[in-house]
Amino acid sequence: MDSRRSSRAVIDPKVRQVGFFTSAPLPPDRTQSDPPDPIRSPPLADASSPGNSLSPVMIPPPRHPSDSLLRLPHSPSDAFPPPSPTTTTTSLGDFSDDVTAASSPPPAAARVRGRGSSVKQQGAASSFPGGGFEVPPSVKAPSSVPASGLTTVSVVKLPPGISVEVQSDRALNSKPLKEKTSKAERRAIQEAQRAAKAAAKAEGIKTPAVTALANAKSAKSTKPSPQRNDSAVVVAASEKKGGDRSVEKDRKKDVPHPRMQYDDKSRVQKLKKRSVVKPTEARNRVELFRHLPQYEHGTQLPVLQSKFFQLDTLHPAVYKVGLQYLSGDICGGNARCIAMLQAFQEAIRDYSTPPAKTLSRDLTAKISSYVSFLIDCRPLSVSMGNAIRFLKSQIAKIPISLSESEAKATLHSDIERFINEKIILADRVIVKHAVTKIRDGDVLLTYGSSSAVEMILQHAHELGKQFRVVIVDSRPKHEGKLLLRRLVRKGLSCTYTHINAISYIMHEVTRVFLGASSVLSNGTVYSRVGTACVAMVAYGFHIPVLVCCEAYKFHERVQLDSICSNELGDPDSISKVPGREDINHLDGWDKSENLQLLNLIYDATPSDYVSLIITDYGMIPPTSVPVIVREYGRGQLWI
Amino acid sequence: MDFQVVVLAGGTSKKLVPLVSKEVPKALLPVANRPVLSYVLEQLELSNIKDLIVVVEGADAALCVGGWISAAYVDRLHVEVATVPEDVGTAGALRAIAHHLTAKDVLVVSGDLVSDVPPGAVTAAHRRHDAVVTAMICSVPVSGLSEAGSSGAKDKTKKPGRYNIIGMDPTKQFLLHIATGAELEKDTRIRKSILRAVGQMDIRADLMDAHMYAFNRSVLQEVLDQKDKFQSLKQDVLPYLVRSQLKSEILINGAPQGQQAKENGNDKVSYRILANASTPSFHELYALGPNGSAPVRRTHKCCVYIASNSKYCVRLNSIQAFMDINRDVIGEANHLSGYNFSAQNNIIHPSAELGSKTTVGPHCMLGEGSQMGDKCSVKRSVIGRHCRIGSNVKVVNSVVMNHVTIGDGCSIQGSVICSNAQLQERVALKDCQVLSLSTSVFLSLSSNEYL
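As given, the protein sequences belong to chains S and B, one line each in that order. First residue of the first sequence? That's 1 in this note's numbering, and the numbers climb one at a time after it. First residue of the second sequence? That's 1 in this note's numbering, and the numbers climb one at a time after it.
It is worth saying that the hints were derived from the structure and are not from the lab. Bear in mind the structure is a predicted one, so any value in this text is a computation, not a measurement. Glycine included, C-beta positions come from ideal geometry on N, C-alpha and C. Heads up, some of the hints might be wrong.
[What the hints assert, rightly or not] These stretches of chain S come out as covered by chain B in the derived footprint (C-beta under 8 Å, 3 or more residues):
no., segment
1, 312 to 320
2, 323 to 332
3, 409 to 415
4, 459 to 471
Given these sequences and hints, build the entire structure.
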């Protein structure tokens, strides 16, 4: 623990560089304010932007790393006296209290429900009449039409005539299936290990763990192995927090996590082989973004739909969420995370450990297969990665002595707690902090549609503050329109404009509130494309930019640009203008060789342009993000 | 995936009366020498659906169908056959087997559907929107395409088909209005509330209901229980659900509206985050009411899946459709038949015997053990098993079933000749249906008659 702390007192560029490697020891976008020695620079150094001198943002006093280390868990609440006595929930003590209270009694209702459903199934099954063609009508006919009995005329495994109920037949079928997969599973593990060894030899010591991880990931796909999964968990999981931390795992922890490079032909082939969705890759890809997955939009959905019944191993709830990701029915970091967790909750509720397997291992494998399905549908967001990491650590922590129903109930309440504390409660705390920054007469600008910002605006309106909102929107998603509709309905006075007019509208704005998909540990805000533009214009006008982001979206990765990690959207959506069929200059663009369309989903806002990050641990300057990541992002504090 | 599949195989349909009989119920009518039911079952098997309930009208028909399935699908599918009395209608059939349905959703497929649309597409659309019912619709087939000479067939197609009027929202995901052919004569009435909520409605007359529905089971059972009068899924249940979608009278268990009352604050917030994240459908907007904080009105969703034009999707519900399907399955939609076509684009069973100078054109099929004399010519026709055909016979655009004997010099155009029929020499048939049971035909018949 101590060693880790000392190594991570500040950003360690040696470990963190992901995209472009430079020999400079410092991240280049920090040269403005920070002293050259990274060790000496206090983590809570005053923010660099000159806009801060004008802004009413509270800047915490600088602190020395030596004494801050011990006090840091409480520092946010110390540094920022809560605006009202009710905000004491931010302090650490209360959080942990809530935690223990919620976790200790596994709700009995869940167990009862589980049992009840099984009883019901048996009842239904037993009402099936036996075989033979002459079947007396069943006892309870729902209407005047006599109920008809079923006659089993064709059976899969058993000879006809023996009465076979649907349910029991399924149970029978499932058993041999399991055995078969376990064989394939073992082979997959073996191959992965062999390939990992070979790759490590070939590439030398430079990136041994990366390839191992990648191979393990591809092995996991076919039928994931419980052990491998642990290490290859998620996009975001570059380090583990289980109790047994071997040397090997430590080494893995130090390298940047492997991100799939989609310009690597062989790996893409491998990925395609295991992929459920079988995407067709787009042809006209922008050179700079070839490492990102880009598929022909519109081809994935029908394929996934037609495979509805083939995906037996998938829980229906997970399938539904994947379908909704793919079709764009659900978007937004919080919503996607909640939807995923709720689907996992349902999957865990219906889960039963197969014989001769332990719950923690088998369930982890199951969750991993769900996750890889979801990745096929749409790349995971950082928030989802963190949530999956949390869930897996919770599964790993389940003592083996716990009965299955108790373990499931525990996990159910764990997920519930994560949603409540990390998302909903966090949003409430953020709202309470942020409302103090809104004064009468303010003109607030927001971009896109962020759930946290929306709550802030609504709460401030409920408090009776007099302010105006400028909603800046952009093509092609027009997410701001939905926000606008909801705010106008609540009676807020709003202005709606597109991002083209940002420099004009910025004259009258006094504060900018932005949401974020993720905040990285160099303070970079990773958010909907266009956010960086808004933040930079605001910076130019000396207007404070407040980013609202729950702490579970923080990530220790460092990213300097929006190229190395991003997501590509449907290029057709920017080539077509809805409602204007006459603008068809780009029709058939994919036929021409020398035209590529780029529809980026995210961008990275450098921390220089961010005055303040409002999170559930308080209001912090972007330079303090590593502290939050270090102190709260660890496994022990996810609880 | 928590789906149960019900195949409504029907009984002895009146519309197909010369073709179907006690021995050959509708489900066993041969299409390219395979029962039509096998097309549905195969399509389902292809989608990895192993458990089926096949509902047959009438005990005799059930025996036939059950016997055939158990012979053909033993060790492949787990099929249960339920017998319902005749003339209960599709809704009545489901009512009769309602107590066997336990899964969350039910997929109801008509047994006479010849299609290569994956059923998963319908069910996935159903799940994606949490719909109460999802109907698959397809474009109305162009019938009577037979260009080779039979103008009579074209007259037949002109009789009023069952036109549907289908209204959808602009995104083509929700069903707003559906009217079947019988109602077409009257004015079409469209709910003003629906029109106001949606804002824009696409009305199509070139689409038809393909009789593949995904239902929410509890809703289906509730509707069937409450509305005793409902006879048909297509004409009663589906229009009822579509009509009442904005003032829902059904209790959907697990619907967000019902949940919200008893949930605590945190769940409400997460529900709101989820709801805000997605573009609300008009149902949700309407349910929210004018000021839009808490849902005030109960709605349910009726979704639609439109089969793309590249897919084949036709129902065998008339004699004309029977001929069309037979022609298409060995013609343009030949991937459905499951046979390997020869280089001449036809299928001739190796045991079939052809006389000298006999030509079998493309898009033809000759069953096993059939014999043909000299100088015959077969075009765009299906000939069944163990038929004996004399010399100088012309068969064009026709379906000849099994064990048929045709004398020398016959000419058969656009006709269906059922099993075991015997045609004497020099018979000319045009657009006829010849019944089975050893009927001997001496005369030349022109059009639209059956024996």
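Hints, one by one, checked against the model:
1. 312 to 320: Since 5 is at least three, the answer is holds.
2. 323 to 332: Per the Cβ count (7), the hint holds.
3. 409 to 415: violated (count 0)
4. 459 to 471: violated (count 0)
Checked against the numbered hints above, the structure violates hints 3 and 4; every other hint is satisfied.
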